[in-house]
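A.B. asks: Chains A and B, in that order, give the protein sequences. Yeah, the first sequence ends on 292 if you go by my numbering, and it's all consecutive. Yeah, the second sequence ends on 149 if you go by my numbering, and it's all consecutive.
One or more of the hints may lead you astray.
What the hints assert, rightly or not - So the derived list for chain A, only partly shown, Cβ under 8 Å to chain B, looks like this:
no. : residue
1   : 230
2   : 251
3   : 255
4   : 281
Simulated from the structure, these hints should not be mistaken for laboratory data. Backbone N, C-alpha and C define an ideal beta-carbon position, used for all residues, glycine too.
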Amino acid sequence: MDVDMIFKMAAIGIIVAILNQLLIRSGREEQALLTTIAGLVVALMMIITQISDLFSTIKTTFGL
Amino acid sequence: MNILSVCAVAVVSAALILTVRKYSAEQAIMVSVGAGVVILLCVIKEVLESVSAVSDMLSAAGIKAEYIVILLKSLGICFVTEFTCDTVSEAGMPSLSSNVLLAGKVLVLVTAMPLFQDIFATVTSLLSTSS
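Please work from the sequences and hints to get the whole structure.
C.D. replies: Put into structure tokens, the structure is as follows:
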């Protein structure tokens, strides 16, 4: 069971949120937005491999 | 594969999701999808053995192989549809979720259509022999 991935993604979420707040406080709204988008992309890239793994496993299991 | 570990993963990820959701909702959705995928991947690996056992039993009972294939295909479509539907509706888009549900229903119907045709052909032949 790949539990580490869940923790990794939660950590990415918290770190991105903290960076976002820091950048907004220091008056750099564009960079805060960019950081949020980058965090989202990183999380998406992590999750997409997992989802494709799940779907290909289902495909082979049920012969879809 | 242990039910206790699945429950533990679910509870811990629920706590994590609640923590992350306060700061950014979209990252919380990522974490929840990840947790769902991890749990389902564990379960599917167990299902793989049962599926071959069930298809062995069904073929021993004299059911045609193509019917078993149709059954398993419908089961797979239901699995994927259910997972996607729940994930999308949790992300706060119920209309998209019901669209996925409708697509799953239509595809199951299309997959099972040869069975309906077989039943229809059997009924027709029965009626023609009785009259």
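A.B. asks: Hints broken by the structure, by number, lowest first?
C.D. replies: When the structure is compared with the hints, numbers 2 and 3 turn out to be violated.
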